[in-house]
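2 protein chains.
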Amino acid sequence: MKYKVKNRIWLEGDNGTFLGNGRIELLYHIHHTGSIKKAAKKLKMSYRKAWSLLDSMNKQAKEVYLIKSSGGSGGGGTEVTEAGLRAIENFKKLDQKCQHFLNEELKKMDF
Amino acid sequence: MKYKVKNRIWLEGDNGTFLGNGRIELLYHIHHTGSIKKAAKKLKMSYRKAWSLLDSMNKQAKEVYLIKSSGGSGGGGTEVTEAGLRAIENFKKLDQKCQHFLNEELKKMDF
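If you're matching them up, the sequences are chains A and B in order. Quick note: the first sequence, position 19, residue 26 per this note's numbering, numbers continuous. Quick note: the second sequence, position 8, residue 15 per this note's numbering, numbers continuous.
One or more hints might be untrue.
No distinction is drawn between identical chains; accordingly, a pair holds when it is met within one copy or between any pair of copies.
Claimed, not checked - Straight-line Cα separation of at most 20 angstroms, SDA-like style, residue types lysine to any residue; simulated pairs:
1. Lys-115 <-> His-39
2. Lys-114 <-> Gly-20
3. Lys-66 <-> Asp-21
4. Lys-100 <-> Ile-43
5. Lys-11 <-> Asn-97
6. Lys-104 <-> Asp-21
7. Lys-115 <-> Leu-92
None of these hints come from the bench; they were simulated from the model.
Work out the full structure: start from the sequences and follow the hints.
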């Protein structure tokens with residue numbers, strides 16, 4: 008039998024979880040829909056839960072990840088900042104690098 | 008704020024999870040107590056649950072991880088095989104290497 012190695016990573020700050028898969032997915036969908044409500048729905052997450060995750064992220068982030076955009080025909084929405092987009096990219100990169108590292112290490116091992 | 012990166016790894020075989028933290032802890036405690044019952048108790052796990060994890064491991068392992076030892080004053084017990092001990096060691100090593108890798112990668116990133 009051939010085994011596969013799986014991994015889950017997350018970042019912690021002083022107040023517990025800062026970034027994890029769920030939070031990154033949420034940011035990603037806010038970026039693509041421009042709406043916390045739509046993003047939460049996409050992830051089958053309550054709006055309340057989404058808010059609590061975003062609040063926890065924003066409080067721990069060095070720079071703010073979300074800004075409220077006002078005006079426009081839709082009456083404004085929520086925008087992910089450059090720092091937020093960088094967080095998404097960095098997290099996914101770190102996750103992929105980790106997976107690659109583990110795949111290579113597993114090849115050298117005899118379970 | 009300084010962030011820490013955390014990780015959880017596990018191995019999957021053709022039938023789902025093969026090795027994870029819980030299973031490795033279970034093997035470890037069986038090795039140190041010589042008893043599935045005592046190991047399960049230590050991990051606050053039901054005997055039934057421990058058995059199901061061990062059964063899943065044994066079915067997917069290339070070599071058997073546990074043998075029943077008979078005789079002796081205690082009426083025999085359960086012994087972790089060389090292959091089982093190697094699995095514990097390999098899993099812990101892989102986990103540590105992964106953590107070290109992630110720590111180093113995080114230093115290069117700007118979240």
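To see whether the hints hold, each was checked on the structure:
Taking the shortest Cα distances, Lys-115 and His-39 never come within 20 angstroms of each other, neither inside one copy (40 angstroms) nor across copies (27 angstroms). For a Cα distance limit of 20 angstroms, the shortest separation of Lys-114 from Gly-20 across copies, 14 angstroms, qualifies, whereas the shortest one inside one copy, 33 angstroms, does not. Taking CA atoms no more than 20 angstroms apart as the test, Lys-66 paired with Asp-21 passes inside one copy only; the shortest distance there is 10 angstroms, against 42 angstroms between copies. For the homomeric pair Lys-100 and Ile-43, neither the shortest alpha-carbon distance inside one copy (24 angstroms) nor that between copies (41 angstroms) is at most 20 angstroms.
In the homo-oligomer, the alpha carbons of Lys-11 and Asn-97 lie at most 20 angstroms apart only across protomers (14 angstroms), although the nearest pairing inside one protomer, at 24 angstroms, exceeds that limit. Taking CA atoms no more than 20 angstroms apart as the test, Lys-104 paired with Asp-21 passes in neither setting, with 25 angstroms inside one copy and 24 angstroms between copies. Only between protomers do Lys-115 and Leu-92 lie at most 20 angstroms apart by alpha-carbon distance; the minimum there is 17 angstroms, versus 35 angstroms within a single protomer.
The structure is inconsistent with the numbered hints 1, 4, 6, although it conforms to all the rest.
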